[in-house]
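**Q** Below are the chains, spelled out letter by letter.
There are 2 protein chains.
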Amino acid sequence: PGKKVLIVYAHQEPKSFNGSLLKIAVEELTKQGCSVTVSDLYAMQFEPRATRNDIVGHLHNSEAFNYGVETWEAYKRGGLSKDLVEEQKKVQEADLLIFQFPLFWFNMPAILKGWMDRVLVQGFAYDLSKACDGGLLQDKLSLFSFTTGGGQEMYSKQGIGGDIRYVLWPMQHGIMHFCGVKVLEPHICYAPENVSEEKRKEMLVAWTQRLKTLWKEKPIDCSPEWYFK
Amino acid sequence: PGKKVLIVYAHQEPKSFNGSLLKIAVEELTKQGCSVTVSDLYAMQFEPRATRNDIVGHLHNSEAFNYGVETWEAYKRGGLSKDLVEEQKKVQEADLLIFQFPLFWFNMPAILKGWMDRVLVQGFAYDLSKACDGGLLQDKLSLFSFTTGGGQEMYSKQGIGGDIRYVLWPMQHGIMHFCGVKVLEPHICYAPENVSEEKRKEMLVAWTQRLKTLWKEKPIDCSPEWYFK
Chain B
1 PGKKVLIVYA HQEPKSFNGS LLKIAVEELT KQGCSVTVSD LYAMQFEPRA TRNDIVGHLH
61 NSEAFNYGVE TWEAYKRGGL SKDLVEEQKK VQEADLLIFQ FPLFWFNMPA ILKGWMDRVL
121 VQGFAYDLSK ACDGGLLQDK LSLFSFTTGG GQEMYSKQGI GGDIRYVLWP MQHGIMHFCG
181 VKVLEPHICY APENVSEEKR KEMLVAWTQR LKTLWKEKPI DCSPEWYFK
Chain D
1 PGKKVLIVYA HQEPKSFNGS LLKIAVEELT KQGCSVTVSD LYAMQFEPRA TRNDIVGHLH
61 NSEAFNYGVE TWEAYKRGGL SKDLVEEQKK VQEADLLIFQ FPLFWFNMPA ILKGWMDRVL
121 VQGFAYDLSK ACDGGLLQDK LSLFSFTTGG GQEMYSKQGI GGDIRYVLWP MQHGIMHFCG
181 VKVLEPHICY APENVSEEKR KEMLVAWTQR LKTLWKEKPI DCSPEWYFK
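Residue numbers (full-length UniProt numbering), protein chains in the order written: chain B, 1 to 229; chain D, 1 to 229.
Treat the hints as calculated values from the structure; they're not laboratory data. It cannot be assumed that every hint is accurate.
Listed next, with one range per pair, are the computed distances between beta-carbon atoms [said to hold, decoys possible]:
1) B:S62 with D:Q152: 27 to 33 Å
2) B:T213 with D:M44: 20 to 26 Å
3) B:Q152 with D:E202: 42 to 48 Å
In this text the structure is predicted, and so the values were computed from the model without any measurement. Glycine included, C-beta positions come from ideal geometry on N, C-alpha and C.
Sequences are here, hints too, so could you generate the full structure?
**A** Quick look at the structure:
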């Protein structure tokens, strides 16, 4: 109660299964007294491309454009584009970040990757000397909630997709943990498009149930062992 | 000689180290008698977002938009948007796909992820029953060539980045191998921004040298062991 949650949502269709998962999260967390903000990336037509347009005004070095350097410098002087500043404000205020998306090619959809690329700039999310346990976004939690196309048997050590945790490494460890954000167990709905209506309903109920006790959960130990043991 | 190469390139700045690597590849492969095509994603302002705009004309199901289903159906009836058809044609004709990019957040930049999301649609790159060794893009080779921000010591089993091969799994195995494309050893230039000018030159020479004997290379064994042994 009183906690702030930012849900970064990447699906084109409100009537999709991802749309249902989003709706449940908003309703359940609001019911708990949390303040919930949604960044609905497709609806916002969020820009995924990291370009010179992200810097307002002059460049630090206009001879050779270096996105990392330029956004870092722009962040320090308050010169990032408006859409990035707004997303950073949402992140700054949040106690919990939930990422809701369909797994696309063993990874997040490009529009969500673009959110990571553009919002989590150096100076805001991390610094060269301040990464992982020293990351700049400490005291926050994150949760990756996603659907897959393939079934659970595909994402096992023996399956052609390999252990599902392999694909979580770049997202959970490489991004969130790097910025100092703690990581809760992912929430994975396998192949909702290929299961019965009954099974789909069970998955939605399971998400509601999980959210009820979410604040009591302990973050995972985000170390190589969790992913590759 | 006579081989066709498609280089999918994702950097904003021609004067960057990635720009130099691209230039070298174009020059060396052309010198060998290869026909080289470059998709310069930022210069093309390539669209990374997977939306309804990718389908020309009517939708298969306009009640609830499902990107995977709609692009599959559109592919079959020749109804994908022009930019996708053009990229698919380049892929179809290529013997070798080279992806040249800076590693962003343990992954490819969003603009390149968007290329994967939008170009490699079902029916064109894979089918439900035709994945991996049965993928639809067989008899092609791929090579991920990228730069990192962190040094090589960061990307070791003991480093905070973990083994660099961990981040290659979603890209090489999850995308290329899934489509039946064979994978050559990645080409990684560690932290070009943080090394001496001399070291940078050595890295460029090494890339030229590698390209000279590239066609004699054997693809890696793209199995979990290669990544997580």
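**Q** Taking the hints in turn, state whether each one holds.
**A** Each hint tested on the structure:
no.: 1; hint: B:S62 with D:Q152: 27 to 33 Å; in the structure: 31 Å, holds
no.: 2; hint: B:T213 with D:M44: 20 to 26 Å; in the structure: 48 Å, violated
no.: 3; hint: B:Q152 with D:E202: 42 to 48 Å; in the structure: 47 Å, holds
Against the hints set out earlier in the document, a violation occurs for number 2 only.
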